[in-house]
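Colleague: From first to last, the protein sequence lines stand for chains A and B.
The first sequence maps to residues 1 to 590 in my numbering.
The second sequence maps to residues 1 to 590 in my numbering.
Everything hinted at is true.
Lysine-lysine pairs mimicking BS3-like chemistry, simulated, CA-CA at most 30 Å apart:
hint: 1; chain 1: B; residue 1: Lys219; chain 2: A; residue 2: Lys516
hint: 2; chain 1: A; residue 1: Lys580; chain 2: B; residue 2: Lys505
hint: 3; chain 1: B; residue 1: Lys189; chain 2: A; residue 2: Lys126
hint: 4; chain 1: B; residue 1: Lys511; chain 2: A; residue 2: Lys107
hint: 5; chain 1: A; residue 1: Lys522; chain 2: B; residue 2: Lys219
hint: 6; chain 1: B; residue 1: Lys189; chain 2: A; residue 2: Lys219
hint: 7; chain 1: A; residue 1: Lys107; chain 2: B; residue 2: Lys516
hint: 8; chain 1: A; residue 1: Lys219; chain 2: B; residue 2: Lys585
hint: 9; chain 1: B; residue 1: Lys107; chain 2: A; residue 2: Lys522
hint: 10; chain 1: B; residue 1: Lys585; chain 2: A; residue 2: Lys580
hint: 11; chain 1: B; residue 1: Lys522; chain 2: A; residue 2: Lys5
hint: 12; chain 1: B; residue 1: Lys219; chain 2: A; residue 2: Lys148
hint: 13; chain 1: A; residue 1: Lys525; chain 2: B; residue 2: Lys107
hint: 14; chain 1: B; residue 1: Lys159; chain 2: A; residue 2: Lys159
hint: 15; chain 1: A; residue 1: Lys20; chain 2: B; residue 2: Lys159
hint: 16; chain 1: B; residue 1: Lys289; chain 2: B; residue 2: Lys381
hint: 17; chain 1: A; residue 1: Lys159; chain 2: B; residue 2: Lys89
hint: 18; chain 1: A; residue 1: Lys522; chain 2: B; residue 2: Lys4
hint: 19; chain 1: A; residue 1: Lys347; chain 2: A; residue 2: Lys415
hint: 20; chain 1: B; residue 1: Lys159; chain 2: A; residue 2: Lys219
hint: 21; chain 1: A; residue 1: Lys505; chain 2: B; residue 2: Lys107
hint: 22; chain 1: A; residue 1: Lys64; chain 2: B; residue 2: Lys501
hint: 23; chain 1: A; residue 1: Lys525; chain 2: B; residue 2: Lys9
hint: 24; chain 1: B; residue 1: Lys511; chain 2: A; residue 2: Lys126
hint: 25; chain 1: A; residue 1: Lys89; chain 2: A; residue 2: Lys66
hint: 26; chain 1: B; residue 1: Lys189; chain 2: A; residue 2: Lys580
hint: 27; chain 1: B; residue 1: Lys64; chain 2: B; residue 2: Lys4
hint: 28; chain 1: A; residue 1: Lys329; chain 2: A; residue 2: Lys348
hint: 29; chain 1: A; residue 1: Lys5; chain 2: B; residue 2: Lys525
hint: 30; chain 1: B; residue 1: Lys66; chain 2: A; residue 2: Lys522
hint: 31; chain 1: B; residue 1: Lys347; chain 2: B; residue 2: Lys399
Just so you know, the hints here were simulated from the structure itself, not pulled from any lab data.
Protein chains: 2
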Amino acid sequence: MLFKKRNTKCGILRQEDEGKKIVLNGWVASRRDLGGLIFIDLRDRWGLVQIVIEPENRPDLAEKAKDIRDEFVLWAEGTVRSRSNPNTKIPTGLIEVVVEDFDIINKSELPPFPVDDNIETGEETKLRYRYLDLRRPVMQNYFAIRNKTYQVCHRYFEKNDFIEVETPVLMKSTPEGARDFLVPSRISKGKFYALPQSPQIFKQILMLSGFERYMQIVKCFRDEDLRSDRQPEFTQIDVEMSFIDRDDILNLIEGLIIELWKEVLDYDVAAPFMRMSYDEAMNRFGSDKPDLRFGMEISDITDAVRSTEFKVFNDTIGEGGIIAAINVKGGSEMSRKNIDELTEFAKKYGAKGLAWMKFANGEVNSPIAKFLDEAVISQLKSQLNAQDGDLILISSDKKRRAQTILGALRLECAKRLGIMDAVKDKFSFHWVIDFPLFEYDEDNERWVAMHHPFTSPMDEDIALLDTDPGSVRAKAYDLVVNGAELGGGSIRIFNSDLQQKMFNKLGLGDKEIEDKFGFFIKALKYGTPPHGGIALGLDRIVMTLAGTDNIRDVIAFPKTTSGLSLMDGSPSFVVEEQLKELGLKLLSEK
Amino acid sequence: MLFKKRNTKCGILRQEDEGKKIVLNGWVASRRDLGGLIFIDLRDRWGLVQIVIEPENRPDLAEKAKDIRDEFVLWAEGTVRSRSNPNTKIPTGLIEVVVEDFDIINKSELPPFPVDDNIETGEETKLRYRYLDLRRPVMQNYFAIRNKTYQVCHRYFEKNDFIEVETPVLMKSTPEGARDFLVPSRISKGKFYALPQSPQIFKQILMLSGFERYMQIVKCFRDEDLRSDRQPEFTQIDVEMSFIDRDDILNLIEGLIIELWKEVLDYDVAAPFMRMSYDEAMNRFGSDKPDLRFGMEISDITDAVRSTEFKVFNDTIGEGGIIAAINVKGGSEMSRKNIDELTEFAKKYGAKGLAWMKFANGEVNSPIAKFLDEAVISQLKSQLNAQDGDLILISSDKKRRAQTILGALRLECAKRLGIMDAVKDKFSFHWVIDFPLFEYDEDNERWVAMHHPFTSPMDEDIALLDTDPGSVRAKAYDLVVNGAELGGGSIRIFNSDLQQKMFNKLGLGDKEIEDKFGFFIKALKYGTPPHGGIALGLDRIVMTLAGTDNIRDVIAFPKTTSGLSLMDGSPSFVVEEQLKELGLKLLSEK
Numbered sequence: 001m002l003f004k005k006r007n008t009k010c011g012i013l014r015q016e017d018e019g020k021k022i023v024l025n026g027w028v029a030s031r032r033d034l035g036g037l038i039f040i041d042l043r044d045r046w047g048l049v050q051i052v053i054e055p056e057n058r059p060d061l062a063e064k065a066k067d068i069r070d071e072f073v074l075w076a077e078g079t080v081r082s083r084s085n086p087n088t089k090i091p092t093g094l095i096e097v098v099v100e101d102f103d104i105i106n107k108s109e110l111p112p113f114p115v116d117d118n119i120e121t122g123e124e125t126k127l128r129y130r131y132l133d134l135r136r137p138v139m140q141n142y143f144a145i146r147n148k149t150y151q152v153c154h155r156y157f158e159k160n161d162f163i164e165v166e167t168p169v170l171m172k173s174t175p176e177g178a179r180d181f182l183v184p185s186r187i188s189k190g191k192f193y194a195l196p197q198s199p200q201i202f203k204q205i206l207m208l209s210g211f212e213r214y215m216q217i218v219k220c221f222r223d224e225d226l227r228s229d230r231q232p233e234f235t236q237i238d239v240e241m242s243f244i245d246r247d248d249i250l251n252l253i254e255g256l257i258i259e260l261w262k263e264v265l266d267y268d269v270a271a272p273f274m275r276m277s278y279d280e281a282m283n284r285f286g287s288d289k290p291d292l293r294f295g296m297e298i299s300d301i302t303d304a305v306r307s308t309e310f311k312v313f314n315d316t317i318g319e320g321g322i323i324a325a326i327n328v329k330g331g332s333e334m335s336r337k338n339i340d341e342l343t344e345f346a347k348k349y350g351a352k353g354l355a356w357m358k359f360a361n362g363e364v365n366s367p368i369a370k371f372l373d374e375a376v377i378s379q380l381k382s383q384l385n386a387q388d389g390d391l392i393l394i395s396s397d398k399k400r401r402a403q404t405i406l407g408a409l410r411l412e413c414a415k416r417l418g419i420m421d422a423v424k425d426k427f428s429f430h431w432v433i434d435f436p437l438f439e440y441d442e443d444n445e446r447w448v449a450m451h452h453p454f455t456s457p458m459d460e461d462i463a464l465l466d467t468d469p470g471s472v473r474a475k476a477y478d479l480v481v482n483g484a485e486l487g488g489g490s491i492r493i494f495n496s497d498l499q500q501k502m503f504n505k506l507g508l509g510d511k512e513i514e515d516k517f518g519f520f521i522k523a524l525k526y527g528t529p530p531h532g533g534i535a536l537g538l539d540r541i542v543m544t545l546a547g548t549d550n551i552r553d554v555i556a557f558p559k560t561t562s563g564l565s566l567m568d569g570s571p572s573f574v575v576e577e578q579l580k581e582l583g584l585k586l587l588s589e590k
Numbered sequence: 001m002l003f004k005k006r007n008t009k010c011g012i013l014r015q016e017d018e019g020k021k022i023v024l025n026g027w028v029a030s031r032r033d034l035g036g037l038i039f040i041d042l043r044d045r046w047g048l049v050q051i052v053i054e055p056e057n058r059p060d061l062a063e064k065a066k067d068i069r070d071e072f073v074l075w076a077e078g079t080v081r082s083r084s085n086p087n088t089k090i091p092t093g094l095i096e097v098v099v100e101d102f103d104i105i106n107k108s109e110l111p112p113f114p115v116d117d118n119i120e121t122g123e124e125t126k127l128r129y130r131y132l133d134l135r136r137p138v139m140q141n142y143f144a145i146r147n148k149t150y151q152v153c154h155r156y157f158e159k160n161d162f163i164e165v166e167t168p169v170l171m172k173s174t175p176e177g178a179r180d181f182l183v184p185s186r187i188s189k190g191k192f193y194a195l196p197q198s199p200q201i202f203k204q205i206l207m208l209s210g211f212e213r214y215m216q217i218v219k220c221f222r223d224e225d226l227r228s229d230r231q232p233e234f235t236q237i238d239v240e241m242s243f244i245d246r247d248d249i250l251n252l253i254e255g256l257i258i259e260l261w262k263e264v265l266d267y268d269v270a271a272p273f274m275r276m277s278y279d280e281a282m283n284r285f286g287s288d289k290p291d292l293r294f295g296m297e298i299s300d301i302t303d304a305v306r307s308t309e310f311k312v313f314n315d316t317i318g319e320g321g322i323i324a325a326i327n328v329k330g331g332s333e334m335s336r337k338n339i340d341e342l343t344e345f346a347k348k349y350g351a352k353g354l355a356w357m358k359f360a361n362g363e364v365n366s367p368i369a370k371f372l373d374e375a376v377i378s379q380l381k382s383q384l385n386a387q388d389g390d391l392i393l394i395s396s397d398k399k400r401r402a403q404t405i406l407g408a409l410r411l412e413c414a415k416r417l418g419i420m421d422a423v424k425d426k427f428s429f430h431w432v433i434d435f436p437l438f439e440y441d442e443d444n445e446r447w448v449a450m451h452h453p454f455t456s457p458m459d460e461d462i463a464l465l466d467t468d469p470g471s472v473r474a475k476a477y478d479l480v481v482n483g484a485e486l487g488g489g490s491i492r493i494f495n496s497d498l499q500q501k502m503f504n505k506l507g508l509g510d511k512e513i514e515d516k517f518g519f520f521i522k523a524l525k526y527g528t529p530p531h532g533g534i535a536l537g538l539d540r541i542v543m544t545l546a547g548t549d550n551i552r553d554v555i556a557f558p559k560t561t562s563g564l565s566l567m568d569g570s571p572s573f574v575v576e577e578q579l580k581e582l583g584l585k586l587l588s589e590k
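The following block holds chain A by itself, in its conformation from the complex (with noise of 0.2 Å):
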């Protein structure tokens, strides 16, 4: 069971270190018996380097390295030599390492797929042997990221006077918005614990406690049905700030993204962000977190078309909806059969179907064409400076509804068109501010928040919150890059009776106020500094960093979207003991 230890590591080794004696510990990546010789690839955290066992010199060596296979761990003790055949492919290609002594440390068993970056193993199949999936290169490389993020993140908050505060993650229960894990007191039977869907109100008590500037790298949970990039419990970048207003916290996180960037990518983003309002994003780009790298920006064509015979332009404008339209440059090649199923993918987002124009040698191709005349023809080109070649496509509806279709189309169009592929090593980040602070639930006929019920309403608009809730504006402000929201904050009530009445608009009832929310509404009653903060997403931001659109890619130990773990088995049952101490019993159970 002993070993010899290393004084180096695989990884490392480079030209320079020609003649050195060394000894390496690592697994077996490969082995090769080459007439005379057998090289092994022995690997590391920090690469691999080949080693060389010669028969000629050690027969005894020779004949205990038959047993070795992948993944076996070894020590090897050797001398670096160069390669008369050197592999530009790896850092260490110039060198080789000829071995004067070895042994296995441990062996292993064959793996169920090999450790290498090129595999085409199911995700179950390598979710259940994480650690063999663990050790490929390009799963290393992305924990690396993941590391250097958390390490840039203590610093620059380090570096900006903000403190390290622990959160509870046993707290209280205060289901709103998404469901909470649950956690059974064995002391206080009949009573729950939640698990954090954030440490929002810890965060804000922390800044009544006088804390100032808390930061804090954050497990958060959400008990929902999972969507393939969502996981059970995930991780949050923190940050809470006292005295300051919306732009303080926006050049800070700017910061930050810099100089992560720099550090793990050695990429250089631009500042100030840019900063677009809800209202524009939306209107221009149907979608509350645009992806700026390109165009293909909406038009309303309302005015455009009001004239026209077309009865479904006209409904919709009679019931105060909107016409828009995006030009997709070079859409024109799409097939009837391409036009179809970007009108089924419209349907997903609510469009009853999709009007669009073809334009190509000069004429123009539509459905609707017989209700345009060449006034209204001409115009519509005009207005998206459409060409031979482009192709329009037409949403009309809601304006919201007709806008995020549209922006949803834009996306798909920018698959398809290969543009997204072109603008994928580009980098673009900016701010939407100026978001509502509340938006109707069709459903439960109720305003409900857009952020939270924390965020506080713009100054001038509190006056609406009892005449027009629906056009109060929020101090919030979401963190968007390529298309994805990094994270998202704003500045918080701060006002206890404001507080209040922003549950009471919500529709809380003063009793449920009081029970969920009482200690908090109360807190704020001694001395609260003017404060607010932001919450970014760490895991997002490492797949943002890593290139990478897998969640469970960043995530050591991630869960399926049934939320089981594959490795460990859990969820699992429990014994009836167990859940006696807790007094309880399954619903099942008679």
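Since the structure of chain A is already known, use the hints to place chain B on it.
Modeller: Below, chain B alone, put in the same frame as chain A:
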């Protein structure tokens, strides 16, 4: 609701700022009307400074200042000037700020206790108004120390090429030792996640995954009946390394401690730390976490008293026990009442009684004197280096129990005699090593792991696993300072068969092993490197650095010993709908 943002901070103003026009934001720490002037101590995270309103020059401001009460939030603009009556007790005491304009940003109700370091408020009230308690400078300082501890750790491990990896909070329940907190799964009804008691298995899996050097500052959870120094959630500095031996871990952690004490306290810790075997620690100090700041060591006096007629001693010796003693220097001044108290104290540790000998005025005073002849007394005096003024306490019992009793008495006497006070600013770090692998659980009549079941036995003791489990030593180590354990770790088992055998020895059947740990035993078969690690108690480290004995001082939002959060009222009842979704009902319901 608007306020003027500060351009500097209260606590950092100094004489060299004289004449500067500044803006401050902060809380009113106190307000005094003195004849013509109003003095306010304004406090922010960085400290407090005196600001002065002069009614003669600015009657409008003086009028507004009448409303000001403690903990109001203000902004104030003014000019720094020298104080005519300097206050040398505070860093800003040479200057004050003459207010030229100010306003109240937010009011405060009358706090239930003053925000002051010297308060005698009950802990319950302080926990209920934690946000006020945390504003006290002494508490702010504890969390500054805690923050510094995080940052030093992050930097230290990054410098040493460690990688931070987050392990899951929702994991598999494998109750061994303490009780798990359970989290019901909604998607897999009837199944449960557990909150980690430690990321032990995951950090070992990370070694199998090739990360080689892992660290994490991580929350852990134990659903135990809380003692006053325990919390249901606590924080660990968790470390694991591959291809290393014990001394690599010890040296690494010594380096961390040195940096922490230097950076936080500017205290020079000497290395290497003393390494003492468990056996020696028990024999000499009656504790596996001995306080080495003072002597009062245990002597085994079995041989010296073997020939006496004292039945208690003879019976003990006959049953294989020992007679042991400590010499409490200067203890002869203890009254009979004091000694009775010590006897009661000893009984808590299982003593049946307590023999003692006082040396004063050249005489021996002892209830057992009649059993001891001159020669024995002389022998004892010599062995224990006893002189006039000393008190010898004697325990006769099974070896480890006698030692434990004397170990406890040693600390108690040191407390009573002022020795603890005299050494309170010293830090004595050392390692306890060579722990037994098992200890015998008398209640359940089985062997249990002294550390945990993943700890490797010493290579030379493996053969004893089958023949004499009690004498197998483990590759385990604890870090101790001043009689408190800061953390513990071990070199792990990295052989699948040995791990299986270990579980068997602990009384787990093959089926149970497969259900609970099957995935891990299997994982060990795929090329596991030799590895080991340690977990340090971050809360305990911060307590030691901060010089407090109360764990609730260093956790921002602690729970009571009943697991309650008095501030937010968790745990709390949840609505039936939430339980139904989880497939659960309360046992009390019919």
